[in-house]
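Chemist: If you want the building blocks of each chain, they are given just below.
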Amino acid sequence: MLYREAGQFSVRYADDRRFFRLRQGRLGLAALLTFAFLGVPLLGNDYWFSAILIPFLVLSLAGLGLNLLTGYAGQLSLGSAAFMAVGAFATYNFELRLPGLPLLASIVLGGLSAALVAVLFGLPSLRIKGFYLIVSTLAAQFFVQWALTRFGWFSNYNSSGVITAPPLQVAGLDFSSPAGRYLLTLGVVSALFWLGANLARSELGRNWMAVRDMDTAAAVIGIPLLKTKLLAFAISGFFLGVAGALWAFTYLGTVEPHGFDLSRSFQILFIIIIGGLGSILGNFLGAAFIVLFPLLLSNLATLLPAGFIDAGQLENLQKMVFGVLIILFLIKEPEGLARLWQRFRERARLWPLRY
Amino acid sequence: MFKRTFAGVALALAATAFIPVQAANEQYFPLQSYRVGPYAAGGTGFFGGFIDYLKYVNANGGVNGVKLTWSECETEYVVEKGVECYERLKKGLNGAPAAATNPLSVGIAYATLDRSTADKLPLITINHGRTDSTDGSVFPYVFPLQLNPYSEVSAIVNWIGEQSGGAAQLKGKKIVTLYHGSPYGKETNEVLQVLADKYGFELTLIEVPHPGNEQQSQWLNIRRLKPDWVILRGWGVMNPVALKTAQKVGFPANRIIGNIWSNSEEDAAPAGAAAKGFISITTHPSGTGFPVLQGIKAQVVDKGEGDLADPKRFGTVYYNLGVVNGILNVEALRIAQEKFGQQPLTGEQVRWGFENLRLDDARLEALGAKGLVQPLQLSCADHEGGGAVRFQHWDGEKWNLISDWVQADRALLRPIIEASARKYAEEKGITPRDCSKEG
Amino acid sequence: MEFFFEVLIGGLLAGVMYSLVAIGFVLIYKASGVFNFAQGAMVLFAALTFVSLLERGVPFWAAFAVTLALMVALALLIERAVLRPLVNRSPITLFMATLGLSYVIEGAAQALWGAQVHGLELGISDEPLELGGLLLSQFDLFAAATAAVLVIALSLLFNRTRIGLALRAVADDPLAAQAVGVRLQRVWAVVWAVAGFVGLVAGLLWGARLGVQFSLSLVVLKALPVLIIGGFTSVSGAIVGGLLVGASEKLAEVYLGPWIGGGLENWFPYVLALLFLLVRPAGLFGERAIERV
Amino acid sequence: MSAAALLELQDISLSFKGVRAISDISFAVAEGEICALIGPNGAGKSSLLNVINGVYQPQQGLIRFAGRECRAMRPHDAALGGIARTFQNIALFKGMSVLDNVLTGRNLKRRAGWLEQALRLGRAPGEDDRQREAAEQVLAFLRIQPWRDAIVGRLPYGLQKRVELARALAAEPRLLLLDEPMAGMNAEEKAQMSRFILDINREFGTTVVLIEHDIGVVMSLSDHVVVLDYGRKVGDGPPDEVRRNPEVIAAYLGTRH
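Residue numbers (the numbering used here), protein chains in the order written: chain A, 110 to 464; chain B, 72 to 510; chain C, 4 to 296; chain D, 43 to 299.
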């Protein structure tokens, strides 16, 4: 009965366009946001902020970035980490070389730089289709990593090629405590998710899906293929770039090019496979899964008697379970956790009656 | 089903977040270990030696009666896992306070550097880490013990000089450095150039892209250059492949000098016959003859309590590095206890111990570690302390020492380190400590 | 000039090593339309199993036989547990599934045999060979010969046997092949098993070259551009692609490296493959399909 | 050729890797008429539609549409010029809802940029309402409102055909190309689809070119019939005239010359 829809009618088209058509959904979102912005900073501790919530938020954002490109526009990419790296290093350099530039502006500029690089490597997508395209994105992956290591300028000639976070100040407020870094991340991620969700439901989002489902038909009804695909690369690159900047500065506080290697790209791909391709909510679910699942396993292991299973085997086990889950999801539920959640909600709508 | 999983996750996390606190006469070591993944060979050896030494100390009554405890958290050498482990373990265990972290990973060390300073918990990066963290006035909580990367190359050049019959003979020599295409690999390029300018040898820097399983073109280049020496600054699979490829192009292994991360059995043995004659530096010679290793063998390993899954690795390079690391940590603890009392200490107090760490020959003799650990003296300004290496050569089966301790030219390096530390301090807005006022 | 030829020959021989891995890809792609990212993990698994058996005192050929049996069993398992349920799904889905598969195999290999580095000696000396002033590697020549034998054996298998005929039928048109009585599952199983065998051979050679360890599975990243250039469906394409990638990346490293910085071997083959794709979107030996709507 | 021709093809030839699919075909379609392309399988009918809206580029010939002449169309230009179409094997966006499919058909009617839409600024909200309104009208016209939110891939075949027509119609085309709109339908569904096509033609004045195998439907529906055989044109004219054309009869009865 909680999910009663009776009496809630959309009387204007605008009502229908809302993220949540039902009042319950909107109230739920408002409650969740209030809790996230006000409740969590009061209740959480350093461990939760630094080791769970911040990476969860950043990975959700990265997932969203890739999901727009792969889940919505159907362009498979294995170069997500490269675009994150561009975002992180560009933000660092804007902050370093343009003193007085506000942090948020640097992050936005970093995201735009990543968008530019993404467009460059997205250019072949008009001619190359399907998974031949992974060559282009892999080229991005390896080239960017090489260039960032190769040219000292990017890391301000740090002998180790490592960049460290600038002071985290926005509008004169200091955000460098764990709770502050969490709030800063949450703010940026919330804003971008609002934007991303809007995009996915706008005309551009429809065009992406059209290109994904059948690009010939999309061209025939007048959707400009090149522009649509390149916008997907650009916007995906922007989101990933901002995620990279957050990863480097609000999460780790430091990063080297190697931190954005191919396995990071895979990790983000797994987030969207598990969470759900072509779903906004799925990015959160997938990221939550990928952050929490290893912690769950290793925490459970500490509850077992010592020596029962050693840490190494646990890690191998985790790797295997991940692989199995990927395959299982692809076989049983290609739409991922998001679809499972949707099913659950549909059932909740009928509860307590079965029909 | 998934809902239940999430509920489980939440429960398990909640359980770890609220550990019951009880006082105990114990000192805790959070171990960010790695036993799987591409660098597992190093991790299992190092943490095996470290843990076995802690067990050995406990078997002998702990540190002045304070028992040592530890728990492991697998990092897989991945930075964010290391950070998670750090945050999870930094609070101590069952009331036993954490002494210091020893991640044995440059990436993790960098990512926990600021956190360590904020949390007042020493960060030990033995033989690696940020070179400029040697300057303790800017990096009060970071300790690149024994050997930082700059000292490493300086010692190698000094030894080459010795071999050629004096530093003056370095003039006109051709030296190639083959380095791993990563920040770690590039770290010493600048200093090598400084040394080349000073001594007048011809330096060629050649990069091997990560992971380094294909080096044909690099070695053909080396063959063409016909250098007198090749310094191998490798990591992981790059090392055996370098040796194999050297053989392939006919470059003699006894003209290749491996650096501190190219010096283990795991680096040489997979190359088989191609590795015979390979020279490398070490701060922690392999071998089981040192009294302290005999002690560990008698009191830990022979009782079936050793940490190594493969007992054959007892006394190997990585294992012995773990033991050396254990000795240095425990000694720091002991020295701090002299000042703060024989009880579990906070990270801040342990830091004082590290900063006043002093190991002379007599003490090393007493520890049964003479020849295994170099004499060492740290201070507020100097967080490295040693700066010496020994040379060893691979006979196809095992490492044999071929030199005594060779010192780096630390006076030459110090200004470069200080300049770099100053730049960092400015970027971060840190006011360096005045070391003359530290006690 | 001599140096140029040395680099060129060294590159070509290294390219043969890439081709060895790429052939496994081609087989599987031809038969089941799957771009099998797990091929690298299979190479690792094979080499690790073989070397671990050897170290436990199992004689060479027995170890070879047992490993081969294991690879075939693994192949059958993959066919049944992964491929069959995913039949008729998009190539991208299949690709992602093999990504998951590579995690499972890598995890399993390490869980079974541990993470140490093993040396592997095949008893081939690698003293350099001087031929007319040119430097040649005995081991690489041996690897090239092995590859040649393998290619000949494979072409005999495909052209002279019933299963080969069935395979070609399936590669051409799976539905039609089924209609004339080819049992798709059996063909898949055979092909995966053969790919397992190729993986074993590649694993042994690569293992002897690098030492047997985790990063062996990374050879898949070297094989990818080879495939793109050679086309996914042609064994000879894989060979030519391998030679091309090997030679060009070595020459680029030696002659381009000093200009733009060394260490470009990781990305150079990809950029090369990309340029190739822009000119020939279906690779050197692949045919471009006409789009029918 | 009549002056009121909306579409005119002149000497179009198309081949794939040396195999001729279409040779020297010329015909014209007058504004407002329903023109049927008929002929046996493989006669080149679909290829010809693909040439008209630019999916294929012919090697030879001229295409004149709405007074503009070109060697070959591009799909995007065709769409801009007001050509919409459906496909033989339904080419809907299977992962999207019926409404979204129809809305994609209106993408050329948008003025607000993507950023405006994403930020919900400026022209975007008002335009969203107008596009939705237009899409709803099309849904109502083809009587598929009840399935508005259904995912297209899960609908039965007949409905999918109608959704595809709706998507094409949403673009408010001048010329509508229908590739076998009634394939696989029963008599009742065919009658309904014929009705829709006639209504579209009458109410919006849309010119229609369609491919159909059912001669009965063709004769009752079309103003103008073009007959193809082996890539050549063998008949062109009003239905009654074409019906009596001996060459057409030969083509259909299979007596070769």
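Source of the hints: derived by calculation from the structure; they are not laboratory data.
Some hints could be false.
[As the list claims (entries may be wrong)] Distance condition first, Cα-Cα at most 30 Å in a straight line; then the derived DSSO-like pairs of lysine-lysine: (1) C:33 / D:232; (2) D:59 / A:238; (3) C:33 / D:151; (4) C:33 / A:238; (5) C:33 / A:441; (6) B:441 / B:374; (7) B:297 / B:242.
[To be verified] Where chain A lies over chain B, by a calculated footprint (3+ residues, C-beta under 8 Å): (8) 103 to 110; (9) 178 to 189; (10) 470 to 483; (11) 498 to 509.
Ideal Cβ positions, reconstructed from N, Cα and C, are used throughout, including at glycine.
Chemist: Now tell me, hint by hint, if it's right for this structure.
Modeler: Here is how each hint holds up against the structure:
no., hint, result
1, C:33 / D:232, "42 Å, violated"
2, D:59 / A:238, "21 Å, holds"
3, C:33 / D:151, "45 Å, violated"
4, C:33 / A:238, "18 Å, holds"
5, C:33 / A:441, "26 Å, holds"
6, B:441 / B:374, "25 Å, holds"
7, B:297 / B:242, "16 Å, holds"
8, 103 to 110, "holds (count 4)"
9, 178 to 189, "holds (count 6)"
10, 470 to 483, "violated (count 0)"
11, 498 to 509, "holds (count 3)"
Going through the hint list in order, the structure does not satisfy hints 1, 3, 10.
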